[in-house]
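Protein chains: 2
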Amino acid sequence: MTARLPGFYDEQRQRVEEALEEWLPAFEAEPQILTEAVRYSVLNGGKRLRGVLVMEAGRLAGRDDEVTAGLAALIEMIHAYSLVHDDLPAMDDDDYRRGKPANHKKFGEDIAILAGDALLTRAFYVLGHLSAPGEELPVARLLEVLTEHIGVQGLIGGQILDITAADREADLEQLKAIHRWKTGALITVSLLLGGIAGGANEELLKGLRRFGELIGHAFQIKDDLLDVTADFEKLGKEPGADERAGKLTYPALLGVEKSQQRARQLIEEACRMLDEVTTAGGRLNELARFVISREK
Amino acid sequence: MTARLPGFYDEQRQRVEEALEEWLPAFEAEPQILTEAVRYSVLNGGKRLRGVLVMEAGRLAGRDDEVTAGLAALIEMIHAYSLVHDDLPAMDDDDYRRGKPANHKKFGEDIAILAGDALLTRAFYVLGHLSAPGEELPVARLLEVLTEHIGVQGLIGGQILDITAADREADLEQLKAIHRWKTGALITVSLLLGGIAGGANEELLKGLRRFGELIGHAFQIKDDLLDVTADFEKLGKEPGADERAGKLTYPALLGVEKSQQRARQLIEEACRMLDEVTTAGGRLNELARFVISREK
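Chain order of the listed sequences is H and P. So in our numbering the end of the first sequence lands on 296, straight run, no missing numbers. So in our numbering the end of the second sequence lands on 296, straight run, no missing numbers.
You may find that some hints are simply not true.
One copy or any two copies: either way a pair holds, since identical chains are not told apart in the list.
Once the Cα atoms are required to be at most 30 angstroms apart in a straight line, the calculated DSS-like pairs of lysine-lysine come out as [claimed, not checked]:
{"hint": "1", "residue 1": "K247", "residue 2": "K105"}
{"hint": "2", "residue 1": "K106", "residue 2": "K247"}
{"hint": "3", "residue 1": "K106", "residue 2": "K176"}
{"hint": "4", "residue 1": "K47", "residue 2": "K296"}
{"hint": "5", "residue 1": "K206", "residue 2": "K258"}
{"hint": "6", "residue 1": "K258", "residue 2": "K296"}
In short, the hints are calculated from the structure, not lab data.
If we strip away everything but chain H, and leave its shape as in the complex, we get:
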């Protein structure tokens, strides 16, 4: 990881890891090949940025406990499911993920498809089991907001746009739409789940939503840049995959320097905006800056 990692990050990431251990199927659970495949693609040393965003949005809104850690775990499961399915031969056809064989290379395509399905299902399982007796958690509201961001007009829709855009002329507006759904939606909903669980008012939720959209956009630009500039060791997979696939990317469209500039502008706007709705946004602003300083 880069030296610019915020100081509180490791502690929060550790809590997300513990929540994942608690909520994933146990290693010995039957059918074992499936639980092994599920655990393989989640417990893989990921940055847990989305999980930490859930925790920090919850903390900002006034909640920092087992419930926000559970929500962080379920967001990381959804993130992992989307990567397992995206890496499949029929999709992006990536053989490596974080320096290890992709799920389908390790377990076979059939198991990888079902492991992705199981991760998505498990995320909702966690949401269904998070309510402690006597504790009011707005499960229907959380479910509503979550599913609005990861469906046809969100995470999944973005992947479709990404696949179909590879055949078309490059266009900045189209690229923004892909980013908004494919990457921005999951980052945005991470902030919203934390905020809702913490009891944030509508103004704060609106601020968290906008903050998520801006840093999500910057995150994808940074991803595109890393695909051009990083090497295998840092990236954990072959760089240059986007270009080979003829994908629409920011560096291809604007060049490297202008893309870096655009990412920085988005992060500065996100921080300025958050400071207008809360005086306690310091940690989230640190996370935002990490989004574009990271090296993988």
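Since the structure of chain H is provided, determine the placement of chain P on it from the hints.
Quick look at chain P alone, frame taken from chain H:
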């Protein structure tokens, strides 16, 4: 459909179709290729047996409205998602489904994987949006029960067992385990969702659960039998697929006649058991008998 279809079936099935129209993404919704693929695999003239089971369990427990119709629609979405993914080349590799090209034959593998993901996600979207203001729906409980039946130790786990069993020696206990998870779990949870939404007490829920397990088991035996005895026109796909895939099936293990006998015994046990916990089980018992009299 067979002549033995219960009289109320068409009316209830129509209500499930209407709820699906209401809850699926509109045809013109972007990205259009995805909404088209999603709708293609749900709005295809299916029997809606699981949806009708939701409605009838709800009705038995005292609720018969937009909420039970919505729950019926979401169960049919989950059923459709599992079929779309099961038909993929890396899984059962079926080219036809209900007489039409399978989703991946029509739209391509990448779209089919994402259409399945979108259907599963949409099912949870429906659950998140079903609560009307001022109306108490136990969303967390429904989510809990639903996800316990469609995950690693349910629908998905059953598919894994089914795939891996094709390589192994036939064994009756193993076959029962596959059936319990792969088919029984979704049928059982259909009855439980209806019952819970209708406010059924624990005794009635226990009866509905047992009823679901028994008819789910009979349903899969009947499916195996149809694969041996039906022709393409009735089945809507090539018969004999199980045998070609070396799959563990009841006819292969017990012969056709003993399998038929076993299915009948299970249905009679289900009806007798339900009559012990309620005097209003008439319609559900009719549905149970339809499970083994159907011709597709």
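Hint check results:
1. Taking the shortest Cα distances, K247 and K105 sit within 30 angstroms of each other both inside one copy (23 angstroms) and across copies (24 angstroms).
2. Within a single copy, K106 and K247 get their C-alpha atoms as close as 26 angstroms, and across copies as close as 24 angstroms, so both meet the 30 angstroms cut-off.
3. Taking identical chains as interchangeable, the C-alpha atoms of K106 and K176 lie at most 30 angstroms apart only when they sit on different chains, with a minimum of 29 angstroms there against 33 angstroms within one chain.
4. Proximity of K47 to K296 under the C-alpha cut-off of 30 angstroms is restricted to the intra-copy arrangement: shortest distance 9 angstroms within a copy versus 49 angstroms between copies.
5. Taking the closest pair of Cα atoms, K206 and K258 come within 30 angstroms of each other only inside a single copy of the chain (29 angstroms); across copies the shortest separation is 63 angstroms, beyond that limit.
6. Taking identical chains as interchangeable, the C-alpha atoms of K258 and K296 lie at most 30 angstroms apart only when both belong to the same chain, with a minimum of 20 angstroms there against 60 angstroms between chains.
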